[in-house]
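Engineer: Sequence:
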Amino acid sequence: MQTRLVHLVSFVSILSALACDPKAADPDGMETTTMSGSGGSESESESGGDGPTGEPEGCVPPSGDGFACEVDEDCAISGDCCGCVAFNPDMGSPGNCGGMCDQNKCEEWGIEKAACVNGQCVPHGLSCNQAVLTCDAAAPNCGEGTQPQVWDGCFTGDCLPIDACDWVPSCAACTIEQSCMHETRNGCDYDRCVGPIEECQDQAPCACVGSIFCSGQCTPTAEGFSCG
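So the sequence shown is numbered by our numbering: it starts at 2 and just counts up by one.
Derived by calculation from the structure, the hints in this document are not laboratory data.
As the structure is a prediction and not an experimental result, all values here were calculated from the model.
Here a beta-carbon is modelled for each residue, glycine too, at the ideal position from N, C-alpha and C.
Mixed in with the good hints there might be a few duds.
[Unchecked claim] Simulated DEER-style distance windows between Cβ atoms:
no.: 1; residue 1: Gly144; residue 2: Ala205; range: 26 to 34 angstroms
no.: 2; residue 1: Thr176; residue 2: Met101; range: 18 to 26 angstroms
no.: 3; residue 1: Gln204; residue 2: Asp91; range: 19 to 27 angstroms
no.: 4; residue 1: Glu200; residue 2: Asp159; range: 30 to 38 angstroms
no.: 5; residue 1: Asp153; residue 2: Asp103; range: 25 to 33 angstroms
no.: 6; residue 1: Ser212; residue 2: Asp91; range: 38 to 46 angstroms
no.: 7; residue 1: Thr135; residue 2: Asp103; range: 33 to 41 angstroms
no.: 8; residue 1: Ala223; residue 2: Cys143; range: 20 to 28 angstroms
no.: 9; residue 1: Glu108; residue 2: Cys143; range: 13 to 21 angstroms
no.: 10; residue 1: Asp203; residue 2: Val72; range: 42 to 50 angstroms
no.: 11; residue 1: Gln204; residue 2: Ala69; range: 15 to 23 angstroms
no.: 12; residue 1: Gln202; residue 2: Glu145; range: 33 to 41 angstroms
no.: 13; residue 1: Pro141; residue 2: Ala208; range: 34 to 42 angstroms
Can you build the whole structure from these sequences, using the hints too?
Structural biologist: The following block contains the structure:
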């Protein structure tokens, strides 16, 4: 169980690094996180209607805890039954949560390579963050339980499962089994859907899940919990 939770913490850190604009720059900004169960996010309002353009305002990347890198070639991906993470082979390797599954999460989500973004290794394409859109490409029609994939400031035309996304338009996108997380980092506000964790079943949100996703204080909310 401890190995699985350590791996989940690593996966959460990488998703968080993707959740804000990698082109912005203010590494000394303060971070706060809130998990909320109602309403949209600041990211939702920034994304606007059809095909927003230009740099998002007041949104800079979090520091994150991923493997450091300088170029894409420094990074590789690793998938298991719990998640899909990126790492720098010259600096170590990620853990493995174990378990038996037909496909690891990288294969399931169609993630084939890693990239170096904002000085950190991240799984290439593992983002749904519409707050960083900078082009006019139309969003694809995604089915229930999925969200449009976003990469390099544009919709890719593909869809990702909600549990793989670092951003959703609002808590309404989450399924009944998921908790809604609203996070604020260095001016970026966004919601994320957190899937059930076997080790946390029958426990209060902040008693287990919150300890994985929150680096500080955790407060329960109607549809999830608040960090910070």
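Engineer: If a hint holds in the structure, say so; if it does not, say that too.
Structural biologist: Each hint, compared with the structure:
The hinted window of 26 to 34 angstroms between Gly144 and Ala205 holds, with their beta carbons roughly 32 angstroms apart. Between Thr176 and Met101, the C-beta spacing of about 24 angstroms keeps the proposed range 18 to 26 angstroms intact. A beta carbon spacing of about 38 angstroms between Gln204 and Asp91 contradicts the range 19 to 27 angstroms that was offered as a hint. Between Glu200 and Asp159 the beta carbon distance is about 31 angstroms. The supplied range of 30 to 38 angstroms therefore holds.
Between Asp153 and Asp103 the C-beta distance comes to about 31 angstroms, which sits within the given range of 25 to 33 angstroms. The given range of 38 to 46 angstroms is broken by Ser212 and Asp91, whose C-beta atoms sit roughly 31 angstroms from each other. For Thr135 and Asp103, the hinted distance range of 33 to 41 angstroms is satisfied, since their beta carbons lie about 37 angstroms from each other. Between Ala223 and Cys143 the beta carbons are some 26 angstroms apart, a value that agrees with the proposed interval 20 to 28 angstroms.
At roughly 20 angstroms, the beta carbons of Glu108 and Cys143 sit within the given window of 13 to 21 angstroms. Under the hint 42 to 50 angstroms, the C-beta atoms of Asp203 and Val72, about 45 angstroms apart, fit the expected range. Checked against the hint of 15 to 23 angstroms, the pair Gln204 and Ala69 fails, with Cβ atoms roughly 34 angstroms apart. At roughly 24 angstroms, the beta carbons of Gln202 and Glu145 sit outside the given window of 33 to 41 angstroms.
Taking 34 to 42 angstroms as the suggested C-beta distance range, the pair Pro141 and Ala208 conforms, at roughly 38 angstroms.
Hint violations for this structure: numbers 3, 6, 11 and 12, all remaining hints satisfied.
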